[in-house]
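Number of protein chains: 2
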Amino acid sequence: MLWPVISLVVSIIGIGVAVYYYKWVQALPVAEGNLNQIGSLIRKGAFTFLKREYRILRTFLGVVAIIILIIFPSPIWQGSVSDNVIAAVAYVFGAIFSGLAGYVGISIATLANVRCATAARKGLVPAYTVAFRAGAVMGMAVVSAALAGAALIHIITGDADMLMAFSLGASSLALFAKAGGGIFTKSADIAADLTGKVELGIPEDDPRNPAVIADNVGDNVGDVAGMGADLFDSQIAAFAAALVIAAPLGEIDIIFCFGALGLLASIFGVLLARVKDNGSPGKALNSGTILTCVIFAVLSLIASLVFKFNIRIWGATFLGMLVGVIIGFTSDFFTGDDKKPVAKVAEACQSGPAFTILTGFSYGLLSILPSMIGIGAAAMGSYMLLLPLGGNYPMFGIAIAAIGMLSIVGMIISNDAFGPIVDNARGLAEMGNLGDEVLDITDKLDAAGNTAKAITKGFAIGAAGLTVIALLAAFQEIVFSATGVRISFDVMDPLIFFGMLVGASVPAVFSAMLIMGVSRNSEVMVKEIHRQFDTIDGLKEGKDGVLPEYEKCIDIATVGAIKELIPAGLTAIIITLVVGFIGGTMAMGGFLAGNIVSGLCFAMLMSNAGGLWDNAKKYIEDGNFGGKGSDAHKAAVIGDTVGDPFKDTAGPSINTQITVVSLVASVTATLFAAFSIFG
Amino acid sequence: MLWPVISLVVSIIGIGVAVYYYKWVQALPVAEGNLNQIGSLIRKGAFTFLKREYRILRTFLGVVAIIILIIFPSPIWQGSVSDNVIAAVAYVFGAIFSGLAGYVGISIATLANVRCATAARKGLVPAYTVAFRAGAVMGMAVVSAALAGAALIHIITGDADMLMAFSLGASSLALFAKAGGGIFTKSADIAADLTGKVELGIPEDDPRNPAVIADNVGDNVGDVAGMGADLFDSQIAAFAAALVIAAPLGEIDIIFCFGALGLLASIFGVLLARVKDNGSPGKALNSGTILTCVIFAVLSLIASLVFKFNIRIWGATFLGMLVGVIIGFTSDFFTGDDKKPVAKVAEACQSGPAFTILTGFSYGLLSILPSMIGIGAAAMGSYMLLLPLGGNYPMFGIAIAAIGMLSIVGMIISNDAFGPIVDNARGLAEMGNLGDEVLDITDKLDAAGNTAKAITKGFAIGAAGLTVIALLAAFQEIVFSATGVRISFDVMDPLIFFGMLVGASVPAVFSAMLIMGVSRNSEVMVKEIHRQFDTIDGLKEGKDGVLPEYEKCIDIATVGAIKELIPAGLTAIIITLVVGFIGGTMAMGGFLAGNIVSGLCFAMLMSNAGGLWDNAKKYIEDGNFGGKGSDAHKAAVIGDTVGDPFKDTAGPSINTQITVVSLVASVTATLFAAFSIFG
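Listed in order, the protein sequences are those of chains A and B. For the record, in the first sequence the residue sitting at position 552 is 552 according to this note's numbering, with numbers rising by one throughout. For the record, in the second sequence the residue sitting at position 642 is 642 according to this note's numbering, with numbers rising by one throughout.
For the record, the hints were derived by calculation from the structure and aren't laboratory data. Here the structure is a predicted model, which is why all the values come from computation and not from measurement. The C-beta atom is built at its ideal place from N, Cα and C for all residues, glycine as well.
Derived coverage of chain B by chain A (criterion: at least 3 residues anywhere in the stretch with Cβ under 8 Å from a Cβ of chain A; other residues may be distant):
no., region
1, 366 to 378
2, 389 to 398
3, 467 to 480
4, 493 to 502
5, 631 to 644
If we strip away everything but chain A, and leave its shape as in the complex, we get (with noise of 0.2 Å):
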């Protein structure tokens, strides 16, 4: 019990450290005029869709507990009462914790904009300061949840199991949490940039488009609380899957070890990094990271030595944490606007919308590949250092190479944060008429963000790859022990190739669900601007003192989100019980590798294809190819917005279906075991 403990007391640290920069933001000042108004309204916008979304997951997450409540760890008039209740409450708070880290995310983003965008005034560094302690908040707040939860949930049950419910608490909640903040933030983004930019010619965040500020809402409800949701869900997947693993080898310390240095090393990482005067913050943001790689390894290696852990488990940690960094650059590579596939891309643009899509959607069919061999090596290299360890020691190797991949990931979430932050706080220094050298500073910053979001973006994927192919194996550890037999998983096996193809086929759908809710969404509220824009007077124009009324496109993306979210997680949760009921655990085996190949590859080409579109856009806007205003430019627009439901509403989502269907599977094991038709 040492080591869980110590990771509470870690824990704590760090939620400290939350409060500390939480107070630090909310103490700062805010400039006079209307930001503070502004402010408030996004604020309100925020709160007020996680509010509804959360009321409307409340129902399915009852129903859901009450499932547990019958049938796991096992069917209630099989195995003990209790458990089931604990399973049960455990997946409540999954769910809560989750919920409250898309809380605690919103309520510091939306803080923290009008600061940095006030910060901006007095130069590039306080501006960036405010935004990075911001997102430390976020990232310390999530990950010490994360730790806490996983800590006290072994210290109260000492059972897997319970985790295992806690993990599907937060992954269902994240499912849904993503894929509504991607419908709401997408839509709002699509249709402020159609009316906008495109059919008047405005500039990005001008406060005569009436979904200016639903846009800015979006970037907090999806890309703060749905990333947070994701990541936290992340987490603790994979150390629910490590502990599944862990336990039958007494190996369960090294985990909470790890995890808590991780936690620790973040923490190091986020006090330590900082932009110089006439530095980049691109690079700070970066540097931060390779920073706290360099303290977790240290720590993790001392911590090893010392305490006499086999050192070939840390090896296989490591390696994990340096493949995630090597995906991250990759991302990096196929994203950044300083890389070829930028160029090319915006040099597409030249030729028109149809060569823009072409290329685009190639490279991001190209960007498929390292990141699977990068996977696909980290799990091969875990596996075979641990295999003279003999036993289930090879599968342990993956699960605790998630735990490394996944261990700077507070570091990471700061960085993620930082992103929408800043780029609410570019809408608002525009909005609020802070001028140009501002507008200079903020546009900075959000480059930056768009950087660290790329690198974060594939990080987020790869851990996700391996977490999953840990949960397979714990999915394989609970058959056996429910049922005593160790399945293989022989893909020869038709059930398993017949799993293997539906299996593969779940992403496709999920995605091809949100991307149809963001177009229908979207056009429903291009009517509603064109209708404020045909009858409110002198809006057009921008007549002094008129204003759009901005809570009718909030309420519209509120609405459609809050429809749209769940069919498309709860298709992928209903596919993957009735291929159980009918394939029984072999179908689920299969099922759950092809939705992991295909899954990955699906998140892969739409997360790099949409940064990518995004970039070459931003390329040409600095002035290449025609710059703003362009035929080329009119052609990158385009991309960017076939790219924004793929980078921000479905290639990000996939990770969490997988995650979420593993669970259930894993969670509804015993009963396909018992109740299928051919399994």
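Using the hints provided, position chain B relative to the given structure of chain A.
For chain B alone, coordinates are given in the frame of chain A:
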């Protein structure tokens, strides 16, 4: 030996039918005017490309033949030299047969296009009959060649491995023929559309457009020659896989019996199918397909009863055929112009190109699920059906289901070749000024060709899916006979998982390279077209007697396609070898599984999304949502351009890529078993 000999006889009958129809078409009159001249240009262009393509491939095939001579069926330093010589010869013959199929196809198609246009002056039925019988020449020639090749090799060598080599020859030619033809046709098509339809607003086949002949050449080299090579390859691969699995079971007879009956059914189908005077040509094509299915089902059932084949084997064959038809009609749902998806995409065109792309892409994603369920269910069902027979029979079930799915391929090819012939006829009718009435008839035939094409494409992908599952089993069998170990491909094995992740990336990389090839090539052609419009006096205005330099565009398409066709295919093969030599036969098993799963996903996504965009454009051109020239139409043209390389270059080439990679793995299996680093 009875059934192989009967197969040979039926093949000769098939070839007889092909020759008869060839002569029949050849004897038809060609309209006076410049039709003959334009037709000759097309014919010459197509043959020039084919010759240059085959010349390049000669070197490649020679190198591979030498490699086979050294390593297959067993390394020359271990096994019998004469076996290796036979295998190398079989490989070369496979390539030659496949090349001949393409040659025959081009030859008849470029005779039929002018004669179909001429016949259209007499009405729909005569024109339909010309195109259909010309298509049947191709269908009969391809299937007869495949059946005869398989039978001959079996009669001469009695060794299923030799058919593997033959099959690899056929599919390596098909891989490059599809890629090369696909790049040729879409470069020309896109360049012609962008400069003609979009920039100048002139009709599709306006003779002023310098790319118009190249576009028509492309239909022949891409759709006729490429598709013929593809389906020839699928059929041979299905035979090879089935024979490898069937040999130890002593079930050779039934394979040849069903193969012969399939060809016979297609012959009857072709002879009996006709369109009524006021009937719809689309319905005539479909009813021909259904008729062929019924004939095959009845004949094969009778044969099973008379010759006392196990009725379960017939069941598996029937199941395969049934699922093929279902998958075909699924494709029809997603791309048919009287179905909801086309109408929805056309509607989305009103909101601009971004929504066009997003909606079409989403439907493409959705279309993956039903086909995957179909393929999975066919594999599972045929496996289960033969489970009571024990041994390796269940795997044989999957292989024979693939044979069943491909039984009606003669009819499928006939329908598919119909498309490019009437497409060409439409162009010729316009260029040759045959009048609006003739254009009207060829338009109707063109639409019917599109519908048939969607069904046959879905069908081809489904057949390839089942075939490659059977090839995976054949790979296992070959490794078994080489090493004595029957490997199982457990996805929890990290070597297999590693292979799976890398294998899943290959179709993505392969597609990306092809799409980029099309983009590059058509950009070059667009520049040439602009040059001609700028420098040739009176061309734009359509001054009498002023003609563009058609040959220049044909030359660009040819040179570009030749340059681009090798790298993509070679990359896929090299990655396969690298994975094999790193991870051995285990990694290779995973690699093939991953390759199949993601390959099917991407193939279906791209084929169906592409077809959908094409038909949405036609739907608008028919006067919906503003009709030709409207903003919705402009958006639809962009969607169609994106869809062009999706549906006619990358999408349908993926089948072949999967087959080639599977065969390469089988041929090199003994090397991987002996020399891999980790395996």
